[in-house]
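S.K.: Spelled out from the first residue to the last, the chains are:
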Amino acid sequence: MERLVARRRLVLATGLIAAAVVIALLVSSNARHAVALIVAIAVAIVGVTTLAIRGFRQAHPVLSRATLTIVVLDAALFATYFFSSITNFNLAIGAAMSITLLGLSFLTGASGQISLGNSAFMGVGALAVAIWANHHTSTPMAVTLLIAVACGTLVGLLLGLPATRLRGPYLAGMTLAFAVAFTAIVNSFTSWTGGDAGLQLPTAVTPPHWLTSFFNAQTSILRVNTMWLADITIVVTAVAFFFMANLFASRTGRAMRLVRDNEVAAELVGVSLPRARVIAFMVSSAYAALGGALWTLINNSVQPPTFSLALSITILSLVVIGGIGTISGALIGGVIYAYSNNVISWFTQHTGINPQSNLASQLPGIVFGGLLIVTMLFAPMGIAGAAHRLRGRRRVHSPE
Amino acid sequence: MDPFLTSRIVSDILGGLTNGVIYGLVALSLVLVWRSTGILNFAQGAMPMIATYLGMVVFAHRLGYWPLVIVSIVAGFAVGGVTERVLVRHLYGKPEINPIVVMVGFLIVLEGVAAAIWSTTPRGIPNPFSPIDWQLGGKPIALSPFSVYEIVTALVVMIGVAVLFRFTKLGLQLRASALAPEVSRLLGVRVSRMLTLGWILSTGVGTICTVLVASNFFTGLTPQVMDGIFAFGFIAAAVGGLDSPVGAIVAGVSMGIVLQFVGDFVNSNAIIITALIILIVSLMVRPNGLFTKSTARRV
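As you go down the protein sequences, you meet chains Z and A in turn.
Heads up: the first sequence begins at 1 in my numbering, then just goes up one per residue.
Heads up: the second sequence begins at 1 in my numbering, then just goes up one per residue.
Next comes chain A alone, as it looks inside the complex:
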């Protein structure tokens, strides 16, 4: 009936929103780690991937969808915590290329191990939401029960993280230990625990994101499922500013929409190229991201 809701432009916006919240979640998880420990986690796609396999595939025959999601998230917390305690702990205070190299190594080890155990064949994850778009007057709206589920979950997670950081004592401690570790320690904050908690939170957010991506009927779960999405998530985080959770989410969502238009009106090859151009231009204009206060570094 209403041609507006099924028009090409509205479809692109809705489709872009669905992708955008995913990029926003990845960007948010990158920002959480960056803010707490100053490390850009290149394994931010692979760690949640392992957690999702652990949750979704190992128990797939015994539990329903929602318990599996819970198990995956718990596995995500565990993967994040263990990684910080065992691997990342040795990297604080080292030259900034050391953590990059180690996390890149961790990325390919995790992907290799996952592929060795579970093979590279995509695994569908049955879930209660239909991937088929709703119809309106015989034409599809670019919105399905599944994409609504994606968007709502992402929003809940984003709001949850915001509430945690802004309104709880724990959030205050997390922020304090990221900003001024020495002072926080003197004031009785257990800084080392807070760093671990930052990684746990970040991997948890990443796992929710990966579960959403893997539940998508059209993608499924593969060891490299997050590779491309990580690239977009990183671009969103860098454009928004690695220091700014709000910037990461806003950049992620708007990038999703812009890229959907590019994909629709140009072609699919242009998507990643446009993203790369956005990244380069925005880094040249504002090297620290659009949403962070610029700090002088030159002497």
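Isolated chain Z (complex conformation):
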């Protein structure tokens, strides 16, 4: 019976791919487009078919997570081809932000700690990329990103050491002090960091030739460039999310959740509390640094004052609104961040608030703060948690 279902699925998938090939050949104007289209569709179909196999998720959790990542990645990359440059830019910013969010989400969700310094860790990554790129122009981008992550991890270790012995409020206050001190630290090393004015990347990130040749001559360079930036960011984001999903489910992740829920029990089963706390803090700062590093690539420059306490609070709000400790919550938060300015300016237009007024300029802070309070009081697990609960309820009502 099982085998029959599997065979039927295989036939269906093959049929779909064949149909896709035919459609692609009919629709596409040249051979390259056709090949790209066929590959994209085939990956999606194979991925979805694999995920649909009964028991596959339980038997091969890592493999199924990888498949899911590839399917989502495939769809997202495919979509960037059609998006406008503005949408792609927003997408890139949102994806970079969601990496930072995931880091904080892990820290809070898995180990119950809270950090108000993640904007400063972002700043560390962002500056590290700019400084390195200015001194070593020939380093490949991937290596530069890894260096930025290493810097973030190191600073995280430095600040995380006291964190081993601190409880929530103390750690939050300490990281707040770090966020406040960040600009002063940057300004103490002006010759390296460029002070408040920041740094410019020596060369902008440009797409390779094979990608440029995909577009016809009328397409603007800007659109191609932003698409490439969005693609890079999305790929890095996918890798980061895949890694985190595994970490959540791993032995380390389980140990951290135990630390969060019951310190005594955790110690009794042999979990080292200081070690778990420091690792959580380091992972969180490494992710923040990666987000900041991508931010520099997208903007082509870095201004340290961007990474203020206000940004830290925004990061915290997005994590809470999206859903603490959930993978999907970080994605939701990233999307909200990318579009929050659009939504708020739409709101000011339609409610007739003068866009030059004080109220309009303060609206983002008020809205984020209000949402933060409301979410924490009424739905502490955020949008992802609420959605999860709704799905659970539906399952109860309709027994399968």
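Just so you know, the hints here were simulated from the structure itself, not pulled from any lab data.
Glycine included, each C-beta is placed from N, C-alpha and C at the ideal position.
Wrong hints could be hidden among the right ones.
What the hints assert, rightly or not - The following residues of chain Z were derived to be distant from chain A, with all beta-carbon distances above 12 Å:
id : residue
1  : R3
2  : A6
3  : V186
4  : A204
5  : F242
6  : S345
7  : R391
What the hints assert, rightly or not - Calculated cross-link-like contacts (lysine to any residue; reagent style SDA-like; alpha-carbon spacing at most 20 Å):
id : chain 1 : residue 1 : chain 2 : residue 2
8  : A       : K94       : Z       : A379
9  : A       : K94       : Z       : V374
10 : A       : K139      : A       : G38
11 : A       : K94       : A       : S192
12 : A       : K94       : Z       : R260
13 : A       : K94       : Z       : N262
14 : A       : K169      : A       : K139
15 : A       : K169      : A       : R8
16 : A       : K169      : A       : I159
17 : A       : K94       : Z       : R257
18 : A       : K169      : A       : G188
19 : A       : K94       : Z       : H209
20 : A       : K169      : A       : S184
21 : A       : K94       : Z       : L377
22 : A       : K139      : A       : I159
23 : A       : K94       : Z       : M381
24 : A       : K94       : Z       : A386
25 : A       : K94       : Z       : L258
26 : A       : K94       : A       : R8
27 : A       : K169      : A       : V157
28 : A       : K139      : A       : D264
29 : A       : K94       : A       : V250
30 : A       : K94       : Z       : D261
31 : A       : K94       : Z       : P380
32 : A       : K169      : A       : R190
33 : A       : K94       : Z       : F378
Stated by the list, open to error - What the simulated footprint calls covered on chain Z by chain A, stretch by stretch (three residues with Cβ under 8 Å from a Cβ of chain A suffice, anywhere in the stretch; the number is not a length):
id : region
34 : 121 to 133
35 : 365 to 376
Assemble the complex: chain Z is given as a structure, and chain A must be docked to it using the hints.
M.R.: Structure of chain A alone, referenced to chain Z:
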């Protein structure tokens, strides 16, 4: 005449003392809330800021300086009480990150609302004290009528809080309900009222501090006026121990003096960096603060 009083070192000590009492007051207000309700109030700078705007700006045209101060303090009491009753009440007994997150949210809502109503332009508050340093033999001493006013007010508030907690029945009830709420309730203390009172007191202390800061000719009142000072106040409270009012004040004052030296002899960027290093080192040596008895938490 006397070169000692105008020397660099004495100037730094006097200037540091003026800043230090402000840090001490913020730290004290944090400790008051922490001791009564076990919450680190991240809106401890913003709540008094709103109260000061309510008092100082709304009635600025009708009243003189001293009535305005009184109105501000009353507004501070009200803000503290209402916040506890409406917002904080739902946070008792929740995981410890919930109050942190909610108070951070409250902080940016208050700052946003204040900036939306009163704009971010600094507002000077005319007061009877001159900000110009006294002169001695043609050289300035780092002490002006205004800084004396600051120091004296801060001392009066600190002594007042100490007397209230140590020598009055109300103070005893406050301490009892923080230490053992169940027992206190059985003994007839209205614990819930005491918690509200803790917040009222704390915001009152914070408001006096904010009024002092805002009255300073060189700062004025802005929605974010307390942000930096809150960071220093928190560091002082954490170094001294969030449980210890004496520790908070001592740490605040000594930090003010140390940082003044750092600012004078190194540069202004080094001030907050030094404060951060002091915080990290002291938390690594004594995670519960220098002035609290350490309690065993490990099993």
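S.K.: Now tell me, hint by hint, if it's right for this structure.
M.R.: Each hint, compared with the structure:
no. : hint              : in the structure
1   : R3                : 49 Å, holds
2   : A6                : 45 Å, holds
3   : V186              : 9 Å, violated
4   : A204              : 31 Å, holds
5   : F242              : 27 Å, holds
6   : S345              : 16 Å, holds
7   : R391              : 24 Å, holds
8   : K94(A) x A379(Z)  : 13 Å, holds
9   : K94(A) x V374(Z)  : 15 Å, holds
10  : K139(A) x G38(A)  : 48 Å, violated
11  : K94(A) x S192(A)  : 17 Å, holds
12  : K94(A) x R260(Z)  : 13 Å, holds
13  : K94(A) x N262(Z)  : 14 Å, holds
14  : K169(A) x K139(A) : 50 Å, violated
15  : K169(A) x R8(A)   : 46 Å, violated
16  : K169(A) x I159(A) : 17 Å, holds
17  : K94(A) x R257(Z)  : 17 Å, holds
18  : K169(A) x G188(A) : 13 Å, holds
19  : K94(A) x H209(Z)  : 56 Å, violated
20  : K169(A) x S184(A) : 13 Å, holds
21  : K94(A) x L377(Z)  : 10 Å, holds
22  : K139(A) x I159(A) : 33 Å, violated
23  : K94(A) x M381(Z)  : 13 Å, holds
24  : K94(A) x A386(Z)  : 18 Å, holds
25  : K94(A) x L258(Z)  : 18 Å, holds
26  : K94(A) x R8(A)    : 50 Å, violated
27  : K169(A) x V157(A) : 19 Å, holds
28  : K139(A) x D264(A) : 17 Å, holds
29  : K94(A) x V250(A)  : 32 Å, violated
30  : K94(A) x D261(Z)  : 13 Å, holds
31  : K94(A) x P380(Z)  : 10 Å, holds
32  : K169(A) x R190(A) : 13 Å, holds
33  : K94(A) x F378(Z)  : 12 Å, holds
34  : 121 to 133        : violated (count 0)
35  : 365 to 376        : holds (count 9)
Checked against the numbered hints given earlier, this structure breaks hints 3, 10, 14, 15, 19, 22, 26, 29 and 34; the rest are met.
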